[in-house]
Structure formats: structure tokens, C-alpha cells
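Novice: Residues per chain, in single letters:
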Amino acid sequence: MSDKEDRFGVSRRDFLKSAGVGGLATAVTSAGVTDVEAQAGPRVIGPGDVPVSLTVNGKRLELRIEPRVTLLDALRNRADLTGNKRVCDRGSCGACTMIVDGRTAYSCSTLAIDVQGKQIRTVEGLAGANTLHPVQQAFCDVDALMCGFCTPGFVVATVALLEKYPNATPEQARRELDGNICRCGTFVRIMEAAMKAKTVAGPPTRQARWGDMGVARG
Amino acid sequence: MTWGWRVAKYTWPEKPTLLSTRVLRLDGPDKVAGRARYTYDINRPGMIYGRIVRSPYPHARVTSIDLAAAQTAPGVKAVVAYRNPGDEVHYQGDPVAAVAADTEERARDAARLVRVRWEPLPHVSIEAQAMDAAAPKWSTTQENTRPGVRQETGNLETGFNDAAHVVEQTYSTHVITHVCLETHGTVCEWDGDKLTAWVSTQGVHQCAQGFAQALGIPQANVRVITQYMGGGFGSKFAPDSQGIICAKLAKLANAPVKLMLDRKEEHLDTGNRPSAFAHIRAGVSAEGKLTAFDGRSWGTGGAGAGSNFPLPYLYQFPNRKRVHTDVYINAGQQRAMRAPGHPQGCFLTEILMDELADRVKIDPVEFRIRNAPPIAPNAQWIKYFQEGARRFGWEKRHPTGDPTPGPIKTGMGVSAHLWGGAGRGSTAHVDINPDGSVVVKCGTQDLGTGTRTIVTIVAAETLGVPMNAITTEIGDTQYPFSGGSGGSTTAASVSPAIRVTCTDALNQLFAKVAPTVGVQPDDLVAEGGRIRGATDASKSVAWKDACKLLGTEPISVDGKWQDGLSGAGTSGVQFSEVTVDIETGIVRIKRILAMQDCGLIVDRLTAESQVYGGVIAAINFALYEDRLLDRVTGQMVNPNMEFYLLAGMSDVPQIDVVLNDMPERGVIGIGEPPTVSTASAIANAVRNATGATIRSLPLHPHKVLAAIEQQRAGGTN
Amino acid sequence: MDHLTSSKLTSGVHCLNIRHKGMYVTSGPYPEELNFYDPYDATAYWCVETQRGFGPDGKPVRPDMCSGDRECCRH
Amino acid sequence: MKAFAYVNATNEREVVAALKTDGIALPLAGGQDLLARMKDYIDSPDRIVNVKNALDTTVTSTPEGGLKIGAAVKIIDLYENQQVARMYPALNAAAIEIGTPQIRHQATVGGNINQRPRCWYYRNEEFVCYKKGGSRCFAVDGENQYHAIFGNDGPSHIVHPSSLAVPFAAYGARFRVLGPKGDREIAASDFFTMPTLASVLKENVLEDEEILTHVILPAPGNVRSGHYEVRYKASHDWPLAFTTVVLTMNGNRIGSARVVLGAVAPVPWRSKPAEAALAGKPLNEDTAMLAAEAAVSEAKPMSGNAYKVQMAKTAVKRAIMRAAGLKTV
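Chains as they are written, first to last, in the working numbering: chain Z, 1 to 218; chain H, 1 to 717; chain D, 1 to 75; chain C, 1 to 329.
Possibly wrong hints are sitting among the right ones.
Using 16 Å as the maximum straight-line C-alpha spacing, the simulated EDC-like pairs for lysine to aspartate or glutamate come out as follows [what the hints assert, rightly or not]:
{"id": "1", "chain 1": "C", "residue 1": "Lys39", "chain 2": "H", "residue 2": "Glu143"}
{"id": "2", "chain 1": "Z", "residue 1": "Lys164", "chain 2": "C", "residue 2": "Asp77"}
{"id": "3", "chain 1": "H", "residue 1": "Lys548", "chain 2": "H", "residue 2": "Asp431"}
{"id": "4", "chain 1": "C", "residue 1": "Lys2", "chain 2": "Z", "residue 2": "Asp49"}
{"id": "5", "chain 1": "C", "residue 1": "Lys2", "chain 2": "H", "residue 2": "Glu104"}
{"id": "6", "chain 1": "H", "residue 1": "Lys590", "chain 2": "H", "residue 2": "Asp656"}
{"id": "7", "chain 1": "C", "residue 1": "Lys52", "chain 2": "Z", "residue 2": "Asp101"}
{"id": "8", "chain 1": "C", "residue 1": "Lys233", "chain 2": "H", "residue 2": "Glu642"}
{"id": "9", "chain 1": "H", "residue 1": "Lys15", "chain 2": "H", "residue 2": "Asp661"}
{"id": "10", "chain 1": "H", "residue 1": "Lys248", "chain 2": "D", "residue 2": "Glu49"}
{"id": "11", "chain 1": "H", "residue 1": "Lys512", "chain 2": "H", "residue 2": "Asp523"}
{"id": "12", "chain 1": "D", "residue 1": "Lys59", "chain 2": "H", "residue 2": "Glu143"}
{"id": "13", "chain 1": "Z", "residue 1": "Lys164", "chain 2": "C", "residue 2": "Glu80"}
In case anyone wonders, no lab produced these hints; they're calculated from the structure.
Turn these sequences into a full structure, and let the hints guide you.
Specialist: Next comes the structure, spelled out in C-alpha cells:
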């Protein structure tokens with residue numbers, strides 16, 4: 001790491017030794033004796049590459065990565081699963097949203113090593129071989145996407161919404177989709193898609209279709 | 001210049017089957033399924049990752065750059081110094097060096113090992129401060145301000161003599177950044193002296209030229225590919241420094257390099273919308289006619305970049321004067337951002353309009369109608385004011401200040417805008433193959449506006465075949481030249497090119513099949529997958545059978561945009577209803593109505609999406625976004641998406657879009673206009689709700705509360 | 001790049017390496033535009049050599065800056 | 001993010017043991033705060049101890065009629081717990097306001113209580129402030145619109161970021177912590193520390209190698225509680241001011257009150273003046289307004305956040321009105 005004196009004109013070396021406060025506890029720098037019974041304890045692994053086994057879209061994925069690699073980066077950079085996007089990389093925008101054991105999670109803010117043994121679903125795992133997931137179809141049908149970069153995250157969040165509330169109210173939908181940001185401004189139609197997807201058994205919507213002749217005027 | 005002459009044979013169909021209908025976005029399925037590969041998603045064999053080292057200081061001189069530690073760090077394949085000792089950096093985020101390593105994590109590690117020594121220089125980061133003669137200078141060689149040219153029309157003295165009321169106030173808007181969800185970046189791969197670059201760009205051909213000239217290689221050696229891109233909003237027309245650095249790292253490492261900026265770099269060094277300030281004195285006659293406008297304006301486009309905007313905007317002040325000053329500060333430079341200048345000029349003018357309307361006690365819609373330019377094909381404001389007011393329930397609007405009890409006040413506002421959107425110059429190629437397949441190639445790119453879809457719509461409409469019979473190839477410099485996608489010019493440039501090219505190809509096919517069908521080529525039409533006589537439909541041949549007559553040689557046609565199929569000039573009006581909690585100052589938007597034209601609508605579905613998107617972008621401009629520089633250190637305090645606020649689902653109101661289809665005007669762009677006036681309509685609605693005027697964006701609660709407080713205290717609000 | 005494609009730059013006066021968005025989009029004219037406001041210049045400029053808003057000499061890229069005798073100027 | 005070694009602890013004691021190392025070790029629960037800090041190089045630990053599989057993930061009844069909440073309970077599970085919703089409605093109301101669905105699915109009760117400040121100076125590497133071993137609080141002369149309006153004696157002017165700490169303090173919760181010297185219990189209101197030059201590197205009383213394991217809520221008793229958050233955005237955003245009130249009723253009158261404000265001070269801010277203004281009064285809008293005025297009577301805003309005084313006042317008033325079952329707007 002570059003010396004803080006160079007970067008910011010203030011030395012942080014002392015601080016780094018003493019200020020590791022956070023998470024659920026304070027930092028530990030002392031080598032003092034503890035009253036907690038000394039025990040073999042769990043194994044310390046890393047910081048170099050370690051084997052990490054993930055279950056993604058029902059398939060087993062064996063990787064060798066550093067413990068610091070996030071779930072998002074593990075899939076995008078090591079498994080070529082690039083459907084979910086990196087946008088804010090800090091758990092603010094939702095483009096990286098995956099479903100981990102049935103609940104949505106920001107994969108940018110999840111370590112890959114922490115989700116071993118869990119069922120991970122990405123946007124790639126939603127569509128069938130020849131058919132889209134009803135949520136994906138609804139997004140297409142109402143044009144709930146533009147540049148499409150937020151879309152995979154929104155699609156995953158909407159799938160999770162409807163798995164939790166199959167008959168979601170607009171209020172429930174808004175709340176469950178509040179963790180995602182779109183910059184093109186497709187929100188109105190995403191809401192429309194969510195409401196449409198919950199009634200997939202209903203009649204097809206407006207006359208818009210791909211490629212066919214004789215599309216009716218809207 | 002080719003405009004001004006018309007070719008009669010190229011026209012839009014009178015009774016289209018696809019044009020102006022709701023056609024689904026072609027790449028929707030690939031995008032919703034995560035199959036669409038953006039630049040960020042390109043993974044090449046042997047690819048490594050680039051990372052740029054940037055200045056943490058807003059203004060400094062580089063005293064030394066030591067690359068040694070980075071060069072020997074694990075996984076590092078290339079390290080370059082981008083600056084030399086003695087060089088001056090002018091903003092936080094100014095690039096100074098770069099590394100490439102085998103993993104992203106190691107590239108970040110190595111970047112932190114580049115030891116740069118700095119001599120910090122005095123900086124300036126606030127417009128008002130920069131304008132002070134004693135202020136620190138943003139550059140050791142440049143002044144902080146650049147005075148503009150004085151513009152004067154009519155006679156100000158006469159204008160103010162005619163005024164029954166005069167308003168004099170200062171108005172302002174803030175700096176926002178583009179926040180493209182896909183950050184700027186590139187994947188560069190060399191094959192000998194040939195470069196292939198996947199770039200998140202609004203202009204593939206334009207990027208190829210940039211790479212070639214910056215790297216000193218023939219443009220023929222550069223191929224740029226952008227199949228999908230995650231938002232540009234005016235900020236992605238060139239490879240930029242990160243593109244050139246990426247290409248150099250790839251050359252040095254002899255490996256493909258992916259270099260995508262992170263969110264912080266994106267906020268700091270990929271452009272922004274300049275701030276705008278104006279001190280305005282304006283007069284209105286007793287009859288409610290604008291008489292005079294005297295404005296002194298300024299703003300900053302960052303380090304050495306301009307900040308001008310149109311002022312006054314749209315409304316007719318017969319006597320006016322205006323002087324603008326560019327102010328330079330130590331911050332990243334501005335770039336074109338969705339309707340450059342217009343949102344600023346619109347806001348500054350439209351708030352003033354409501355203040356003037358209240359002085360003469362005329363309803364704001366009526367006041368605008370009295371002062372709007374006369375109705376014309378490209379100037380539909382008066383019509384939209386009238387029809388929009390009816391649709392929106394404007395008659396329920398109370399005078400300024402919601403009289404109902406309780407802390408939640410409701411109000412309505414209105415605002416108007418315009419944009420050019422004219423096209424020109426695109427070229428295209430079409431092959432009609434003997435097996436009936438059709439390939440359309442155009443070196444344009446789809447930013448999410450639906451370009452891929454409209455290219456296919458126009459080709460299918462012209463050739464009379466289903467859209468799924470067309471293979472559309474865009475987003476690659478291997479295809480014919482097209483302009484960068486900016487200025488809302490893409491639809492108006494590309495659609496005519498496709499129409500012309502496909503018409504020419506079809507005419508060649510008509511000539512081939514005429515003898516077989518037994519109808520003169522000029523009397524043939526293509527429709528419903530068949531070629532048939534225009535008057536005698538019984539004489540026909542199926543598309544596939546017609547193409548078989550080509551034998552072994554396809555019809556292969558190049559064509560170019562021609563005048564007559566596209567137009568220029570759009571107008572729009574927006575209405576907004578908001579609530580304001582006067583005990584917290586928090587504004588919530590209830591609904592927005594957007595009235596908009598764009599000439600001939602190509603795809604109604606994606607055109608509507610453009611309007612929704614423009615409105616929502618402007619909600620962000622009005623309420624949430626704000627690039628905040630620390631007033632002491634000049635460093636950005638919110639270079640993320642946590643404290644750089646953007647609307648989420650719960651912040652987005654009901655939005656109604658009314659598109660005025662005007663096929664006789666040809667195709668005109670719609671990307672920018674709908675984002676111009678929303679913020680003004682919102683601010684006017686806040687004023688209507690509270691009776692307090694906020695003359696500065698964003699409408700943060702602290703300003704709302706202060707304005708309410710000032711109004712209660714009997715201030716000049 | 002033909003400078004005549006940019007109304008903001010003058011051939012023989014401005015550096016050939018100056019770029020702005022208007023040179024890169026195939027935009028048609030909108031003659032009535034100036035009925036609705038007076039002319040203004042909101043343009044962001046960059047140098048094709050550096051791909052930044054600063055020239056090879058580190059000074060800003062703007063028509064008023066890129067028309068003189070800067071060492072990097074290419075007329 | 002600096003590379004780190006990783007320990008997957010399976011019980012509380014393993015966590016404490018694993019936190020002992022020559023370098024810096026930090027516990028990782030939901031990770032919604034810590035990973036962002038690490039990515040921004042605010043913290044660069046040598047070792048991460050995963051506590052998700054080690055700490056209690058359940059909510060259980062206590063013999064005293066209260067609830068014991070494991071530190072590893074996810075926010076979403078806290079929100080959806082029926083006992084919590086019935087017994088401590090303000091806690092339930094606070095839980096759903098936290099972050100986003102994705103964050104609530106990952107983040108834990110312990111992590112929420114122990115998260116580090118969201119101050120933008122603290123969060124940006126460039127600003128070496130008191131909390132990072134520096135000798136300045138940049139907010140004093142800088143962009144302090146989201147900083148403290150109470151407890152502004154310095155040296156740091158952060159607002160405490162925990163949404164749960166406020167209702168926990170108002171309901172009189174106690175925090176159980178475990179460390180090398182065994183376990184101890186600390187009242188929620190004593191857990192958080194006002195900044196001093198000696199204590200500014202952390203926000204609470206946890207010692208080295210100590211971890212929070214449980215929150216213990218007393219039996220609610222005959223109380224009425226209310227919670228109100230003022231937020232700029234309706235979607236994902238940090239509150240600008242919020243309040244939990246817990247009123248012990250004495251017939252139709254308020255017997256005693258706890259009024260705790262959030263996002264206004266370096267700790268969850270208990271307002272004694274507001275509590276005094278409520279004692280003995282009927283529970284109605286007039287009382288709420290008086291208490292709200294009292295709550296902000298001692299506010300000392302900074303140069304750019306006086307507006308938050310009005311917001312805090314409104315939050316107090318509306319929290320009391322909610323406790324009274326009255327419409328707030």
C-alpha cells in the first residue's frame with residue numbers, strides 16, 4: 001500500500017495499528033492472554049487463493065479465489081456469468097442483485113466464500129431454454145428497460161418480490177424494488193411489468209409482439 | 001451540404017404497418033436474460049485488468065512518480081506513468097499513472113503501490129469564490145473567469161418603461177454528474193498493429209478515430225465494437241484518457257486489458273452538467289406581456305471548461321440584454337449532458353415566469369400562452385398548454401399558497417421546452433440474399449434508446465417483410481459510417497438512411513421480378529411478405545420466391561441519409577403536481593403530465609420510454625442529485641451512489657405521456673427534450689403549494705424550509 | 001475531420017485537433033432555433049491527441065485557447 | 001480491498017479467540033457496512049472472522065417476559081417476527097426503514113448497532129479525520145448538512161448511524177457482550193459513547209476482542225410507543241432525523257416517558273427536556289407539540305444543518321402522535 005504521507009499528506013500508519021474498530025467488535029492488536037479457553041479453533045485460510053465451491057443456478061462451481069473476492073466478482077470475472085452488473089459496487093444500486101437461499105442480496109456486498117452451500121440464483125438462471133421467465137417476459141412486453149444495465153438486477157428483484165408476494169400490491173412492489181436504481185428512468189414501466197407478471201395466466205397485453213406483421217396501433 | 005433538396009421517391013408510407021406502432025424492443029430478451037454483453041462483460045482469453053492512479057488533490061504539481069513497487073507487485077503485467085514530474089493536475093481524479101495485473105483485486109493493490117509525490121497548490125472550488133479577484137487560481141497559467149460577449153436586442157430602457165411590474169432576483173442550478181450505470185471503460189486487444197476495442201461509447205466510428213489519432217496508428221487498424229452500452233447521456237463520445245491508457249497497457253502487457261472505471265472515478269472524471277447562476281431583472285406590462293429582461297449569468301464547467309446556456313429561454317422578451325461569464329474551478333470538466341444548457345436556461349426562466357405571472361395576477365398557463373412564440377409545426381406550446389391544462393385538471397389549481405390546513409400542501413406547476421433533434425449524414429448497407437434473408441448494416445449504436453429496433457422497423461416496413469426476417473447489424477466500425485448518438489440526432493439520421501437504402505434495394509428486386517410477376521417495376525409494391533402489383537394484387541410472388549430469382553448474386557446496396565424523411569425542432573410542455581410537508585420541507589411528486597412531439601414516431605413504445613426516462617432524470621435533477629465538493633479541501637464528498645442521491649421506485653410518481661404524432665414532419669429525435677422542463681414544473685408546483693419561492697436547485701428540504709421561513713417573516717419571497 | 005462541419009470552429013484559425021460532440025454527431029440544422037433564444041455555446045471541447053479537455057501542453061482545450069501560438073497547435 | 005485471511009467461526013468463543021491476532025482482525029456479519037469500508041480502504045484488516053455461523057440467529061422469550069434477540073438475527077427476520085411487532089411496535093417500525101430489501105436480507109441486528117458512521121468525510125479515504133487517526137473533524141468547516149445538531153462539543157460531529165439503537169435505547173434494552181474476560185451486560189443507553197479525544201476512534205464501549213452477542217429487551221409493560229422517521233427520499237436513504245418514544249401510561253395520562261432521537265447526535269440522543277415535558281400530561285397533539293419544542297430547545301446546529309432542528313422537532317411530535325394513535329399529517 002502506498003504510504004499515506006505521499007497520498008494525503010497525513011500519516012495513517014499509527015492509526016492503522018490502532019483503529020480497527022468495527023463490525024461487531026473492536027480490533028485486536030495485543031498479544032495478551034485471554035480468559036477464553038484456548039482451543040484449536042477454526043482454521044485460518046487465505047489471504048491467497050483458496051478453494052471456494054458455489055451452487056449457482058443449480059450447478060456446482062469450483063473456484064480458487066482469494067477470500068476477499070465478492071460473489072459478484074467471482075461470477076463475473078471467474079465464471080463468465082456477466083448477467084448481473086457491477087454499478088455502484090457498494091450496495092446502493094441493486095444491479096448486482098442475486099437471490100441467495102430465497103432472498104435477494106447485493107452480490108457486490110457479499111463475499112463468495114461466505115455463500116458456500118447456499119443456493120445462488122442469478123439472472124442467467126431464470127429463463128428456460130426457449131422461454132423467458134414470466135417476469136422477464138413482462139419486462140419485454142411493457143418496455144420496462146432501456147439501456148438494460150440495471151435490468152438484470154431489477155428482474156431478479158421482481159422475481160423475488162413475486163415469489164414472496166404472488167399477489168403483490170403496488171405498495172409491496174414499491175418497497176421490495178426500492179433497493180434498485182435505474183438511470184434511464186424505466187421505473188414506471190418496471191412497476192407495470194411487476195403488476196403484469198403477477199397475473200401471467202391472464203390475457204396477453206396490448207398488441208405489441210416481435211416480428212409479426214400487422215401490429216395494431218397503440 | 002445536402003439539405004435543401006428533396007428526392008421525391010423517398011417518402012414515408014402513408015399507411016404504415018409497423019411505423020408509429022408499439023413494437024417491442026428487439027434486444028429486450030437478451031437484456032432481461034442477462035445474455036447481452038456490454039463492454040463491462042467482455043471477457044477475452046488471457047485478459048488482464050487495468051487500473052488508473054489519480055490525483056487525490058484538486059490542484060497540485062507532481063513532484064515524482066515511483067513505479068518500482070508496483071512493477072514488482074504480484075500479478076502485475078504493465079505499469080505506465082501518464083504524467084511527468086512538474087506536471088500540474090487540475091482536479092481530484094486527474095489521471096497520473098496506471099497498472100495492469102492478472103486480477104482486478106491485484107490491479108487495485110498495485111495501483112496503491114505507485115508512489116506519487118505531490119506539491120499541493122491552492123485550489124478554488126466555489127463559483128462565487130472563484131470570481132473574487134483575490135481568489136486562488138484554478139491553474140498556475142490561467143484566469144478563473146472568462147467574460148462573455150454582451151448580447152442585446154431591442155431597447156432595455158423602453159422595455160422597463162413599459163413594465164408595470166419588475167422582478168429582480170438571483171436564480172441558480174447545481175452541478176450534477178451523468179452517473180452512467182455502466183461506467184466509462186474499454187477492453188483493448190492488439191493483434192500485431194491492429195487494435196480491437198470494445199468501448200462503452202455513444203459513437204463507435206468516432207472512437208475509432210480517437211484511438212487512431214491519439215495512438216498514432218491508421219484508423220483502418222482500429223475496430224471499435226459496442227453491441228450494448230449502459231448509458232452515456234452525452235458523456236461517451238471518445239476513448240478518453242482511460243481508453244488510451246487501456247490500449248497502451250494492452251500493448252505493453254501483450255494481453256487484452258479490461259479497464260472499467262469505478263464509481264468514484266466516474267463521478268470525478270467523466271463529465272458533468274455545469275452549474276448556472278443568473279441575476280435577472282425582468283419587466284412585465286399590466287396586460288401581462290413580457291417587456292424587458294436584463295440578465296447577468298455565470299456558471300462553472302469545472303477546470304477550464306465553459307458553462308453557457310440559453311437565457312432567456314423560449315418566451316419572448318422583446319427587449320433583452322445578457323452577459324455570461326464562464327467560471328473555472330478545480331473540478332472535473334463538464335461534458336454534454338442530456339440537452340446541454342437547456343435544463344439550466346429553462347429553470348432560470350420558468351421560475352421567473354411564475355413570479356411575473358403572480359405580479360400581474362394572471363394564471364401561469366394563460367401568462368405563458370400570452371408570451372409564447374406563435375404556434376408552428378415545431379412550436380406547439382400554445383396547443384399543449386391548453387390541452388395539457390385540460391387533461392391535468394389545471395382548473396383545480398389554487399392561487400399561490402395552498403390555503404388548506406395541516407402540514408401537507410399541494411401545488412401544481414407548468415413549464416415548456418424545445419430541442420432541435422435534426423439528423424443528417426448516416427450511411428447504411430443492405431443485402432437481400434437469394435434465400436430471402438436480409439442483412440441491414442449500419443455503424444450506429446444503441447444506447448438503450450431503441451436504435452437497433454428502429455433500424456429493423458424501418459427495414460421491415462420498407463421491404464414489406466416481418467421484422468424477424470431482418471438481421472440488423474450495428475455497433476461496430478465494420479459497418480457503414482454513422483454519427484455518434486448525441487443531440488437526439490440518431491433516429492433522424494439513421495431512419496432515413498435505412499429507408500433510402502432499403503428502397504433502392506427493393507427497386508432492384510422489383511426490376512428482377514417484374515417480368516415474372518407480369519407487372520412493371522414501378523407498379524410493384526412489397527407488403528405482407530409478398531411482392532405484388534399495386535393495382536392488381538392477384539399478380540404477386542412470395543418474398544422468398546422473388547429472392548430466388550436473384551440466382552447466385554445478392555442485391556447489395558449502399559445508401560445514405562437524404563433530406564425529406566427527417567425534420568427538426570420539437571416542443572413540449574409538462575405539468576406537475578407535488579405535495580410539500582411544510583414541517584419537514586420534504587417534497588413528494590404526485591404526478592407529471594408530459595406533452596411532447598417528435599415528428600413521425602418510429603416506435604411508439606420506445607419513444608414513450610424516452611419521455612418517461614427524461615422526466616425521471618429531471619426529477620433527480622430537481623430533488624436529489626448534487627455533486628458536492630468540500631468547501632475547504634475541494635474534494636468531492638459524495639462520489640458514490642449512497643450520498644449522490646437518485647430516485648428509487650418509491651420516489652417516482654404517476655407519469656402520463658402524451659405523444660403528438662406528426663408524420664408529415666419526418667423523424668425527429670426525442671432523447672433530450674423531455675428532460676428539459678420537468679424540474680421547472682416541479683419547482684413551480686412547490687411554489688404554488690407553499691407560497692414560498694425556491695430559486696435554486698436542488699429543492700433540498702433545507703432550502704424549502706428556509707424559503708417558507710422567509711415568506712412567513714414577510715420577506716421578499 | 002473537416003472543421004467546416006463545426007460552426008464553432010474556423011478552418012485555419014483553430015487547432016485541427018480540437019473536438020467537440022457536435023463534430024461527432026450527424027446533426028442537421030435547426031434554423032428556427034434562434035427564434036426561441038439567443039445564440040450561446042454550451043460546448044465541452046477536447047483534444048484528439050490527448051483524448052482529454054487538456055492539450056499536450058496541459059492547458060485547457062477551448063476555441064479561444066486553441067487558436068494561438070501554443071506549441072501543440074496544428075493549424 | 002486489501003487481501004485478508006479468513007476464519008469461519010462456528011460459536012461465540014471461536015469468534016473471540018479468532019479475533020486475537022498480531023494484525024488487525026474484524027468480525028464480519030452481514031457485511032453491508034464492513035465490506036464497503038474495506039473497499040474504500042477505511043479499514044484494511046488482516047483477518048476477517050465470519051460470525052454469521054457463530055452468533056445466535058434467534059429471537060426467544062425471556063423469563064422476565066421480554067425478548068432476547070441474537071446478534072446475528074437478520075433485519076428482515078426482526079421485522080417479520082410477530083412477537084417483536086406485537087410487543088415492540090416501534091422496533092418493528094424502525095426495522096423496515098433500514099436500507100433496502102437486499103440490505104435487510106443480509107444485515108444483522110449486531111451489525112446495525114455496531115456499524116461505523118456514515119459521515120462522508122469518514123467514508124472517503126482522502127479525509128483523514130479524527131475517526132481515522134487524524135486531527136480534524138472536516139465537518140466543522142465543511143459540508144455538515146447531515147451532521148449532528150446535539151452533542152456538538154466535538155471532537156467529532158458524526159450522527160450515529162444505527163436505526164435500531166434508538167428504539168433499543170427507548171425500550172430500555174440491554175446488550176450482552178462476550179470477550180476474553182467473559183461476558184457482561186450493558187444498558188443500551190450506556191453502550192454508545194460520546195466522542196472524546198481518547199474515545200473518538202470508536203462509537204461504543206466494546207473492548208478489544210469483545211463482541212456483541214445479544215440484545216435483551218425487558219417486558220414492555222403498560223407502554224405506548226411510537227416511531228417516526230424523516231427521510232429525504234422515500235426509497236433507500238438515510239434518515240435526516242427520527243425518534244422513538246416509549247410512554248408508560250398512568251390511566252389517561254403519561255406517567256413517564258423515554259424520548260430518543262436518532263440521526264441528530266454522535267449517540268442515540270435521549271431528550272430529558274422532552275421526557276419532562278411529557279410526564280403527567282394527557283396524551284394528545286398539544287402535549288406532543290410542547291414535548292417537540294422541548295426536545296430541540298438545547299439543539300446546537302452546525303453552520304449548515306439548522307434545518308435538521310425543525311426535522312427533529314417534527315419527528316418527536318409525530319412519534320408521540322403515533323404513540324397516541326393520532327394521524328401525523
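Novice: Each of the hints needs a verdict: does it hold here or not?
Specialist: Structure-based check of all given hints:
A distance of roughly 38 Å separates the Cα atoms of C/Lys39 and H/Glu143; the hinted pair therefore is violated under the 16 Å criterion. Distance hint between Z/Lys164 and C/Asp77 is fulfilled; the C-alpha atoms sit about 14 Å from each other, no more than 16 Å. Among the hinted pairs, H/Lys548 with H/Asp431 is consistent with the structure: their alpha-carbon atoms are about 14 Å apart, no more than 16 Å. At roughly 14 Å between alpha-carbon atoms, C/Lys2 and Z/Asp49 fall within 16 Å of each other, so this suggested pair holds.
Proximity of C/Lys2 to H/Glu104 is assessed by CA-CA distance (about 12 Å); at most 16 Å being required, the pair is judged to hold. Among the hinted pairs, H/Lys590 with H/Asp656 is consistent with the structure: their alpha-carbon atoms are about 11 Å apart, no more than 16 Å. Using a Cα cut-off of 16 Å, the hinted pair C/Lys52 and Z/Asp101 holds, with the two alpha carbons roughly 15 Å apart. Between C/Lys233 and H/Glu642 the CA atoms are separated by roughly 11 Å; this keeps the pair inside 16 Å, and the hint holds.
With a C-alpha separation of about 14 Å, the suggested pairing of H/Lys15 with H/Asp661 holds against the 16 Å cut-off. Proposed proximity of H/Lys248 and D/Glu49 is supported: the alpha carbons are some 14 Å apart, at most 16 Å. Of the supplied pair hints, the one linking H/Lys512 and H/Asp523 holds, its CA atoms being roughly 13 Å apart against a limit of 16 Å. Between D/Lys59 and H/Glu143 the CA atoms are separated by roughly 12 Å; this keeps the pair inside 16 Å, and the hint holds.
This hinted pair checks out: Z/Lys164 and C/Glu80 have alpha carbons roughly 13 Å apart, not beyond 16 Å.
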